[in-house]
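Top to bottom, those sequences are chains A and B.
Just so we're aligned: 597 in our numbering is position 597 of the first sequence, and the numbers increase by one with no gaps anywhere.
Just so we're aligned: 90 in our numbering is position 90 of the second sequence, and the numbers increase by one with no gaps anywhere.
You can trust all of the hints, since none of them are fake.
Pair ranges (Cβ atoms, derived):
id	chain 1	residue 1	chain 2	residue 2	range
1	B	Gln193	A	Glu598	55 to 65 Å
2	B	Met1	A	Trp309	44 to 54 Å
3	B	Met1	A	Pro303	42 to 52 Å
4	B	Ala55	A	Gly375	38 to 48 Å
5	B	Ser244	A	Val477	35 to 45 Å
6	B	Arg6	A	Ala91	26 to 36 Å
7	A	Arg472	B	Ser244	39 to 49 Å
Derived SDA-like pairs: lysine to any residue, alpha-carbon spacing no greater than 25 Å straight-line:
id	chain 1	residue 1	chain 2	residue 2
8	A	Lys384	B	Val35
9	B	Lys57	A	Asn653
10	A	Lys458	B	Thr162
11	A	Lys395	B	Gln49
12	B	Lys57	A	Ile611
13	A	Lys378	A	Ser368
14	A	Lys464	A	Val477
15	A	Lys454	B	Ser152
16	A	Lys494	B	Tyr271
17	A	Lys494	B	Pro206
18	A	Lys484	B	Val168
Source of the hints: derived by calculation from the structure; they are not laboratory data.
In this text, a Cβ means the ideal position worked out from N, Cα and C, and glycines have one as well.
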Amino acid sequence: MAKQKRLAFGILEDGLVLKLANLSRDGNQMTLHALEQVELNQSLHLASSDKTSEIDSKLNGWDLDKAPSGEINLNDITDDESIYQGQPYEALFRTYSLERGVIAISTHEEQIIKLPIANPTLSNKQKLKLVKESIPKIEFKRGKWQTSVVSINEQPELWIHHGSNKLMDILEKTSVSDKLKYYYQLADANDTALANLFLQTNPPESTDTSMVLYLGNEYLRALVFDCNKWTFSLPIRVTQHIPDIEIIYSKLSLAMDESHIPDPNNLYLCGDFCNDDSLTYLSSQLPNTKVGKWKLSTLNIDPEITDTWNETQTAKFILAIALAWKALTMDQPAFLKTNFLPPYIIEGQKVFKIAWHGYLTLALLFISALSFTYGLQKLRRDVKNANDKNAMLQKEHEEKKKAAETMLSMANAIDIQTANIEVIKTLLTNKNPWTEILTKLNSSFQSHPISWLKNLRKDGTGFKVTGVTTHRPNIVVFSNLFPKGAIVKVFHRKIRSFTVWEFEINYEYPDVNWYEMMEKDVEQLRKYQEEKTEKTGLVTLQDEKVIPAESTKDKALGLITKKTEQLKQAVIPKTSDTVVTQRAVIDIPYPPKNLIAETDNPMVKAYIAIITAFNQKSDWQMIDLGVKFNNNYPNSPLGGYVRWYLAYRAMHNKQYDKADIWLEPLFKNKDSIYPYVLLLAGKIRYDNGDIERAEFFWRQLVQDYPQHQTGKTARKLMGY
Amino acid sequence: MTNTQRNTTVISVLLALVLASGLFLFNKLRGQYNVVDKKNKDLTAKIVQLDKMLAMKEKIERDYEELKLMLAEQSKVIVQEDNPAITFNYLLQVLKWMKRNINFDFSMSSKKVSDSDWNEYIVSGNSHFMDMVNFIKNIEYQRPLLTIEELSVNESNVVSDTVMFSFVFKTHIKTDGTAMNLIRQKDVPAFIQSYVVFKPRIYDKPIETDIDPSLLRIDKITIVGITETRVFLRDENGIIHILSVGEPVAYGYLYSIDNKQDKVIFKTNQYGTSEDKILYLQKK
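From just these sequences and the hints, can you work out the full model?
Dropping the structure here:
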């Protein structure tokens, strides 16, 4: 994107003439767009002199620091606008739309006091002292002064501009009335503006002495440069309104003589009185000097004005051009750093200027933004990491929960069973009375001879029996056996010489107390659950909790203790008339004492640990130790006993396949443990429901070891 | 107001906005983070517990098997699955526990599906009365929840301990119940006396039982001599037998000898009840 051209308007008041030059800068290229001048009705300074006392008195209370937006609204300070109204410069300003660029104005020569100073770097205190001594007190008090240090021929001078800049006043007035915002870049003294232009446009390698002779309506000045160094500024004082060139030259010669300035190599004529006659005259007077108009060869001319433009115009408007030039080249290092713009104007135009409190707030803002950005980013990262971790943990939890489902289901197995018991209670209500019916009938009929039943069957909501007795009162007894017993009919008949009474009785079903039995189960579960909760903290799955692993062992120990008792009962069951004796005690093998005599032997220790675990009903511990024993001592004579115990435990855990695996190697050697192996093998088959195979083993045992304890046990198991 | 003051004010407002929005966002994110972090801590704790559990998986699974066994040994359990094969197999298992063999007919009657499902079956057959009673008792009192809805028992046509029976029962099912194969035998109470209540005690015709052929049949003998302690009897083949009091005869025994009245009394039970049979010495 091409950089936008910068526009500058140089405005100069010189007597009754107001001049305007419009320049633009594109890179290092300067282009002249317009040169214009208007005649003033009267000098700005003369016109305002009568009114300034009033304005000044109103400005007296003006506090520069409190000036709104750094602008002066003249409407606020005077009601008499006649001094400015209808002036030709208003049309000039409006024509060129000054708001499009920056404005550089001249200062009035009479408002500048030039004080030689010893040191160009004056302290503020020294500067204030000089200013206070040099300008009227009221202006000093109002702060209506600006200073710049200018060095001419290495002699530093303090230039003090005091009072109001009338040119700026009319510009402000126009901008206020037109509601436009003008941007003031520069208010410069004519000398420094011209010197600046010369120094910037003259070739830097030049070794000539040059003189710029500016001949304006009021401002007439000769500036002398030696090898691109400003050495003199010579005022040319004439009293004529339109001075002759001869008088001007005589005044110049006098000033040169007084300053011991030789004829320059070059003389550049410029200003309102730059014309061919003047050039001719000066050329004749200064034969060794190259006299010419100041042409500004580096200045481009806008093609739109080439028809009306000529070099003389450039020379005439050189001071306005110099002002605009300086305004556009203030970023150049070689320009003269003078500017007499009032501070409030400069400050007012710095829209984005920040004071110490602004910097402090900005620093706080920056620190806050930085810390928040950092903190928020860190927090956002933390949240993202936490979310990622959460997703990962959830996935891991789901996987592990799935893997542990079997274990978790243990937690609610008891609750399910408790619920099931309630269901069973409901389902058993008024059900399964038949054993009690048959028991009572059997008992009663046996105790009331001679009586027997012919039929028993369900009848409606109860049941009916048909029977025979030789003793009629028995029928009444029978009718009271069950609830709502009703004798339907009784009739007699003869069997041989006996008279017998046939009867038919209806009953309601008797109540069987299933609840008591069920309650015992519930109570057992409740105790187990309480024990488990107290000791192990095992809780239900519904609570979204899991079984604490530490307590599982305790729980399992308690459970296995209880279970082993039950298993023991299975091995040594109570016999009754209905439970046959297949489940009698099976014999346990004991190793010879010499094999376990060396109690310090690690192998014996390991064996004893296994037996201890077996006796303590610690199944898993026994299995773990047993597996390790077989791995560590594969040829141990105690290995067979260990295998037998492992097979025994597996059998009780209904792991018949595992039991077979443990027992299998023991069939190879018919040693002392072999009969116990046969006995256990038969028991495993029996428990697994394979009666034929069980009897096969036991029969073999009876045949081969008839006098051995296991042989006798086998006979008992087979019911011999 | 100067430009600097205005700019400071603007920056201050920006600072306030930044602080407000920053704090708002910070609190919002902090809240989100706290929520997620708490979840993560909970999950981590659960995973730690699960890890510990999984480290003891084998043990716990064994424990669970034990627990299931314990639950399966409750007085009554409802089975988790049923079909005719399972129930029929269970009936055979019951007979195995009884160490008896009862021949019976078996069929499914109906099937119901509801919250608590059941299948209904019919069993009928002939068996010794006590076997039948024990069969019924086991079905009613063993752990699996089977309910006998109907029972019909009838005496046999011939005088014996055998009865004809039939019963209808339901096998109840619940999906979170116990596997049938885990259920162990329970010791059921032996409260019934061994007596066959369906056996007729008096009958018109004698019981055809195996009688020792060496025993004398009272209706086929004659007294040929009597002493104080003995009686001489001749059978249908003409062979003479000598009996003392208490010695057996077919269906009974010699009860008394009365040599003064030349008579002997036998106690017999040929029709279900005891009868006296008197024989006299035939005077020639």
